[in-house]
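Next come the chains, spelled out residue by residue.
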Amino acid sequence: MSDSQATAQTSVHEDLHSPALLHHFATEEQQRNASSFGMWIFLGTEVMFFGGLFVSYLIYRLWYFGDFGAASKSIDAGLGATNTAVLICSSLTVVLAIWGAQIANRKLMIGSLILTMLFGLAFLGIKGKEYKDKFEEHHVPGASFSFEKVPIPGHPDQYANPRHAQIFFALYFVMTGLHALHMVVGLGIFTWLLIMAWKGRFTPEYHTPLEIGGLYWHFVDIIWIYLFPLLYLIDRHP
Amino acid sequence: MSMATPIVTPVEREDYLNKEYGVASWLLTTDHKRIALLYLISITFFFFIGGFFALLIRLELLTPAGDLVQADTYNKLFTMHGQVMVFFFLIPSIPAVLGNFLIPMMIGAKDLAFPRINLLSWYLYIIAGIMMLHCILTGGVDTGWTFYTPFSTAFSNTKVIEAGLAIFVSGFSSILTGLNFVVTIHRMRAPGMTWSRLPLFVWSHYATSIIQILGTPVIAITLVLVVAERALHLGIFDPKLGGDPLLFQHLFWFYSHPAVYIMILPSMGVVSEVIACFSRKRIFGYHFVALSSLAIAVFGFLVWAHHMFVAGISVYAALVFSLLSYSVAVPSAVKVFNWTATLYKGSIHYDAPMLYAFGFLGLFTMGGLTGLFLAALGIDVHVTDTYFVVAHFHYIMVGGALMGYLGGLHFWWPKISGRLYPEGWARLAALIVFVGFNLTFFPQFILGYVGMPRRYYQYPGEFQVLNVMSTAGATVLGIGYLLPMIYFLWSMRYGKPAPDNPWKAAGLEWQTQSPPTTFNFEKEPVVTWEAYNYDEIDTGHKEEVKVVG
Amino acid sequence: MFDNFPLWPARASTAAGNVDALYIFLIIVSGMMTLLVFTAIVIFAARYRHRRGVLAEQIEGSIPLEVTWSIIPLGVFMVIFVWGAVVYFHSRTPPRDATDVYVVAKQWMWKLQHAEGQREINSLHIPVDRDVRLIMTSQDVIHSFFVPAFRMKQDVLPGRYTTAWFHATKAGTYHLFCAEYCGTQHSGMIGDIVVMEPAQYEAWMSGGNTGPLSATGEKLFAELGCATCHRSDTQGRGPTLQGVFGQPVQLQDGRIVTADENYIRESILDPGSKIVNGFKPVMPTFQGLVNEEQVNALVAYVKSLSGASAVKTNTAMAQPTAPAKGNQVQ
Amino acid sequence: MSDHAKSSPLKSYFGVWIALLVGTYLTYAVAKLDLGPYNAAVALIIATTKALLVALFFMHLKGASEKLLKVVVISTIFFLFILVALSMADYATRWYS
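Chain order of the listed sequences is X, U, B and A. Mapping to the working numbering: the first sequence position 211 is 211, numbers consecutive. For any residue, its number in the working numbering is found by taking its place in the second sequence, counting from 1, and adding 1000. For any residue, its number in the working numbering is found by taking its place in the third sequence, counting from 1, and adding 2000. For any residue, its number in the working numbering is found by taking its place in the fourth sequence, counting from 1, and adding 3000.
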């Protein structure tokens, strides 16, 4: 999923006119509004992109609620909750980085950017551990998948149907995998933003790339805010 | 107008073509006009690939027995014809070529909002094109352009993954074009260019961009799921593992029906411009035509399951979608009536673009009306998946979108190339295309109702006569499409140099030099006149804003 | 090439008349609309062609005109919609006492099983003037059972039943096509529907009769050991199947579903998904142990237990009953 | 984006941050209770409030100068709603499933 256009559009300015203004924009105000407007539209496409997955999830959850509950119970909700907290902290540090740029506090900006990326890496680490557990428990869809004799929550005498549980894990891996891919792209964007910040390219007047990167990061956080309850907490009550 | 005019070299004025030469100046350009030409060349290439497949299909159907190609090859032929034509010609055609070239000029801007993303959009299109060509040359795919599961995920042993990824990438090229247009139209209009002074071409592209932005991602994720299911045996659409093949059809048609409005809306924009210019009149009911474009874009998202009436959806869902499908027909009808009313008390010229516009009006009306047949549940049960449907969507796509595209190319060719195309040949080509088209696709309506199913490689003998007529029409249509390419290329070299406004048309794009300079306008234009002010132009009351490009 | 060149499909079922009527109405309406638009264009194009010195008259537009040509088409469309919906609803509600024919679609052939037991490949012999209901499923990909002469088409999905019905009115042999692309021999997956006079049908019926489908189903029901749990009295570990077909069933999670063919099929192949209230989920799945024909036989047997007239006695001639609001089978 | 004149005080950032963490814990805790069908509804309500908090404060939708961004967000959600609602129109009325 080429997210490079998110970076390409945060136009690294040529050194023709004033440092930040691109040739075809009349004023800087127009350019900044265009970039953020473009980014919000791009986030709209991402919402519809994940939307297709959420609809598939909704329909199969309605059809196979018991099997989905059993499969969801086998995932460690604690890890999921910590991951949510990690992402929320990273959103905070992103906002602090932008605030740092606005008040020309270089240390705050760069520190926050680094913190954001550390949180991102922590998220991927925890996600990696979760996937490792799934590999070990043979819960990855495909030939090695086995989900025998797992009781349906609330109906201890009834076993989950492995074929339907496999659909849950298929959706689980596609949704969280796609989200993790967006997280990796996000880390790439923030590395690039860190380099630009390090070179002192951002001033209180011009820090549009930071804001665009921030929008993208917050969006990835919002997607996770929905993924966590829907995938991890389907049928957790005793 | 004699044919063999001597080579005429126009007085040397600097424009976007002769500003700089060399491969890098083209492959790394961020000028929306050059990107438009890059798109023009690449989609024409794919158009002739798709057209070649179409001719092979029609040749095979000359005889009831399957004797020209084998069954598998025929299945690959109609699949490739569908995929290449839909994703690599029709969806990018007008937005990427005429839209890219004209929208900045029509709203008085130097370029699109994100020129680099515009170039990225073309590169994504080329990467997707190369992937599709590789897929075609190394075996092709035989699932039909609709990729229905579980055939595409479990039973087809052709290169479904490669074709799916190619269309996935071409989807992002379409999203980026849409995103660029929406931001440009909102942010980059010249002073005075209010929303009610926007040309209808820009309105229709605004509506098209909404569909491109909000529809394409859904087919992107659907293709990701199909590729994942084939590669990793996930089972989301595989009934043996509890998946639902109808879910695929819902997600696929959620994009693919609005996609047909991506194809037709830009042509409607072209026709609005052409009819206004050649009747020397303001469009009748400007606001209604503009708003009906938006209405088509929004209602287009509510109707997708009329492709699935017999696929196994519930009776009540079928009723809901049939009712909604009629709501989307009203704006199209309003547009046709407004165009016809524009001709009233006009001063009508019969130049080639106007002939294409008349052709569009006729064929689109018939295509739209047969859509009413298909939206009626009772009839759809009988005619869906037969040649009636094939004829309906070809009337809309080939009769509507392609005629609009050719009309637009002829109308703005002097502006694009700085040369005039040969008028006589152009009118002849328009006539040939119109006649060839009707001879090809009208018999298919009858074939469809008589009961010949779609995608049939061999058919019972009683359908042969109509098929032979259709194949005859296809050859005439093929010639009709070759002519414009020939005389457009010819005109690049030998055509008379075009004045800045050969048709004396309204619109900012005509107040630039032909061909325009890289930044379109020397100084930013200020718009003080209403859209389609042909009365002022013809009576000359308003001194035209002389903006030397 | 010119001997048989139909421009109109044969009309051989009750539905054909309704569909053709709507089709002709639509042709007339769209024909008038096209004529209206074309003549307007031609007259305006000729009358107002460019003449030197004559300027076009600018007309802004007229709201009332716009409203009229929005409302009138909408009104006409609603008439078409309602008429189409009525025809569709009629074609999707099979009469209660129609004869059942079980259809199994397989990559590139049609296998049909009559309730009376006959098995046919790519052909279906039915008597004229009898309601026939098709209970269809596919073994691999999506196919579509399409008989142009009956104006009937219904996709056949793998993994569940879809049903369609028709009432043949004219004897003769009509085309059967597969209308949903299904692979290499998609265009070879065709057959014939042979509609015969009752006398001929009896003659055809008597030959090669392996007994009604429900009998085969009964034999299978015993062989697979279903009878041990599903007993006719109520002591069995499974719910009794006497008179269950077509009646509502209370499930363990409170939902009430109608015990139609799909419910029985799902209970055989995926028993865990719907547990009848008051019973334990002990039934093993038979997925893979029984093929499609055997499932059809078991379904026919269960239906015969509830007196649903799955089996048409030879002599009883079913009058073309009015389409009773049968239970809705998707 | 956020107007430079009106600078966002840090207080609102940290406030939203705390609220989001509380929301996460709440989601986790509520899932433990047996509310029958309302479990999903409650989880979605909490998730939506958290998403709104992030969008309005962190993504500066609240103080945004032009209305256009809100229009984009609302129309995206409208089209997602169409996809969900009309798909459910089919799945909800398929009696046997």
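Some clues are possibly wrong.
Unchecked claim - Pairs of lysine-lysine residues, derived as PhoX-like cross-links and limited to a Cα-Cα distance of at most 25 Å, are as follows:
| no. | chain 1 | residue 1 | chain 2 | residue 2 |
| --- | --- | --- | --- | --- |
| 1 | U | K1240 | B | K2170 |
| 2 | U | K1496 | U | K1523 |
| 3 | X | K73 | B | K2106 |
| 4 | X | K134 | A | K3011 |
| 5 | X | K149 | U | K1240 |
| 6 | A | K3032 | X | K149 |
| 7 | U | K1523 | U | K1019 |
| 8 | B | K2106 | U | K1240 |
| 9 | A | K3011 | X | K129 |
| 10 | X | K149 | B | K2274 |
| 11 | A | K3032 | X | K107 |
| 12 | X | K73 | A | K3032 |
By construction, these hints were calculated from the structure, which means they are not laboratory data. Note that the structure is a prediction, hence the values are computed from the model and not measured.
Here is how each hint holds up against the structure:
no.: 1; hint: U/K1240 with B/K2170; in the structure: violated (40 Å)
no.: 2; hint: U/K1496 with U/K1523; in the structure: violated (28 Å)
no.: 3; hint: X/K73 with B/K2106; in the structure: violated (39 Å)
no.: 4; hint: X/K134 with A/K3011; in the structure: violated (41 Å)
no.: 5; hint: X/K149 with U/K1240; in the structure: holds (20 Å)
no.: 6; hint: A/K3032 with X/K149; in the structure: holds (23 Å)
no.: 7; hint: U/K1523 with U/K1019; in the structure: holds (18 Å)
no.: 8; hint: B/K2106 with U/K1240; in the structure: holds (15 Å)
no.: 9; hint: A/K3011 with X/K129; in the structure: violated (35 Å)
no.: 10; hint: X/K149 with B/K2274; in the structure: holds (18 Å)
no.: 11; hint: A/K3032 with X/K107; in the structure: violated (42 Å)
no.: 12; hint: X/K73 with A/K3032; in the structure: holds (12 Å)
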